[in-house]
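Need the complex rebuilt from these two chains, each delivered in its own frame; the hints are there to steer you.
Listed below, chain by chain, are the residues.
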Amino acid sequence: NAGVTQTPKFRVLKTGQSMTLLCAQDMNHEYMYWYRQDPGMGLRLIHYSVGEGTTAKGEVPDGYNVSRLKKQNFLLGLESAAPSQTSVYFCASSFYSWTGNDEQYFGPGTRLTVT
Amino acid sequence: DQQVKQNSPSLSVQEGRISILNCDYTNSMFDYFLWYKKYPAEGPTFLISISSIKDKNEDGRFTVFLNKSAKHLSLHIVPSQPGDSAVYFCAAPQGGSEKLVFGKGTKLTVNP
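Residue numbers (this note's numbering), protein chains in the order written: chain A, 425 to 539; chain B, 40 to 151.
The reader is advised that the hints may include incorrect statements.
As the list claims (entries may be wrong) - Only pairs whose alpha carbons sit at most 25 Å apart, straight line, appear in this in silico PhoX-like list of lysine-lysine:
no.	chain 1	residue 1	chain 2	residue 2
1	B	Lys138	B	Lys93
2	B	Lys146	A	Lys433
3	A	Lys495	B	Lys138
Stated by the list, open to error - Listing some non-contacts, in silico: residues in chain B with all C-beta distances to chain A over 12 Å:
no.	residue
4	Lys44
5	Val52
6	Thr65
7	Glu97
8	Phe101
9	Thr102
10	Phe104
11	Ala109
12	Lys110
13	Ser113
14	Asp123
15	Ser124
16	Gly144
17	Thr148
18	Asn150
Claimed, not checked - Pair ranges (Cβ atoms, derived):
no.	chain 1	residue 1	chain 2	residue 2	range
19	B	Gln53	A	Thr439	34 to 40 Å
20	B	Gln41	A	Ser504	27 to 33 Å
21	B	Glu97	A	Val436	41 to 47 Å
22	A	Asp450	B	Ser113	31 to 37 Å
23	B	Pro118	A	Asp462	31 to 37 Å
24	A	Thr537	B	Lys146	19 to 25 Å
25	A	Glu483	B	Ser47	19 to 25 Å
26	B	Ile57	A	Leu446	37 to 43 Å
For the record, the hints were derived by calculation from the structure and aren't laboratory data. For each residue, glycine too, the CB sits at the ideal point set by N, CA and C.
Okay, chain B solo, but in the shape it has when bound (with noise of 0.2 Å):
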């Protein structure tokens, strides 16, 4: 059973427009997300997380947002850009352990 779920395997935005990217989740013992960004060839890098105390956590272009009732986060990059393209992967701590689940993860293309 998937606990974190990224149901759109693909996004495709223009430049300078938004782009948002979903997650879902199922255990509601979650309370703390993560996102992570992984380019062609390297390893994921961390890009932002919010705690399950707070509805909306900002970094610059990007925003992550938290539904907790709906047991959905979102995140939101404005303006995209080319450099944004990447493999975007939701994740959360399994049981408040070191244990990450992940999701499938997102493709997101911008063109320019």
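Isolated chain A, as found in the complex (with noise of 0.2 Å):
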């Protein structure tokens, strides 16, 4: 049981390319997150998904896209990265809980630098 798990673990790129995280969990949760980590920011949540083929933004959306095409995998896209998108980016997930109060289970990171 691998739990959460991201590739790559590190990735720069210049300004203007573009990538993939990729996110995969074994545990077969419903939901999946993304989040970015920036200094005396603590944790912001980019998008997240409640079931399979479905997507929502959270809190920092822009300039970011996901898709959630199997329920294990969670894909967030940069299409044309910028300097502003540096940052440590989490992959999580939860199981189904219509009080919310499930805790959600956390990848290693990626940490992303564009230069």
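What follows is the structure in structure tokens.
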């Protein structure tokens, strides 16, 4: 049981380049999330998904797109990277809970630098 | 507007003593709170939670206290150990939904 895995662990992009971050979970969780963590800013929600084929915007969605074609995978895309997107990106997943009180399980993070 | 606030960016304590990490919130609709712990180069991991129907929840060395009238919660670690050195995040589900709102975190350093 690997939990939540993220690919790649590190990446350096030039401004304007595109890339996709992959998140995979093997816990059969319905909900998946993408966060970014910046110094002094805590964790901010980018996009999330409440099930296969669904996505929704979080707090800071601009410049990112996501897809959830399979239940176990959640992809985060940057179409045209900007230096402001330099950050550490975390994926997380959780069981469905109507109360919203299930803990989220996080991946190890992807450190992205945009020059 | 920040709904979950951790006003102390850092805290340093001696091994064996008590660590107290504080969290304030502005949204009176929050009814559940979670604490996450994060080591460098790793993802956050769930530590302990509390429902608004309680004012205290214990798990081993970790206790979370909730003061609803003050919109304040605190995490107590007793006794503190060097392995507790990490960043601690307070979080709450927004509007009873699946979205968590996080504080900015407090970096705890436990000195041997």
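Comparing the hints with the structure gives:
1. B/Lys138 x B/Lys93: holds, 22 Å
2. B/Lys146 x A/Lys433: holds, 23 Å
3. A/Lys495 x B/Lys138: holds, 18 Å
4. Lys44: Its Cβ does come within 12 Å of chain A, the nearest being 10 Å, so this is violated.
5. Val52: holds, 22 Å
6. Thr65: holds, 15 Å
7. Glu97: Answer for B/Glu97: holds, closest chain A Cβ roughly 17 Å.
8. Phe101: holds, 14 Å
9. Thr102: holds, 18 Å
10. Phe104: Non-interface label stands for B/Phe104: nearest chain A Cβ at 18 Å, farther than 12 Å.
11. Ala109: Correct as stated: the minimum Cβ-Cβ distance to chain A is 21 Å, above 12 Å.
12. Lys110: holds, 18 Å
13. Ser113: holds, 18 Å
14. Asp123: Non-interface label on B/Asp123 holds, nearest chain A Cβ at 18 Å vs cutoff 12 Å.
15. Ser124: holds, 18 Å
16. Gly144: For B/Gly144, whose nearest Cβ neighbour in chain A is about 5 Å away, the distance does not exceed 12 Å, so it is violated.
17. Thr148: holds, 17 Å
18. Asn150: Answer for B/Asn150: holds, closest chain A Cβ roughly 23 Å.
19. B/Gln53 x A/Thr439: 34 to 40 Å: violated, 46 Å
20. B/Gln41 x A/Ser504: 27 to 33 Å: holds, 29 Å
21. B/Glu97 x A/Val436: 41 to 47 Å: Since B/Glu97 and A/Val436 have Cβ atoms about 45 Å apart, the given range 41 to 47 Å holds.
22. A/Asp450 x B/Ser113: 31 to 37 Å: With a Cβ separation near 35 Å, A/Asp450 and B/Ser113 satisfy 31 to 37 Å, so the hint holds.
23. B/Pro118 x A/Asp462: 31 to 37 Å: holds, 33 Å
24. A/Thr537 x B/Lys146: 19 to 25 Å: holds, 22 Å
25. A/Glu483 x B/Ser47: 19 to 25 Å: With Cβ atoms ~23 Å apart, the hint holds.
26. B/Ile57 x A/Leu446: 37 to 43 Å: holds, 42 Å
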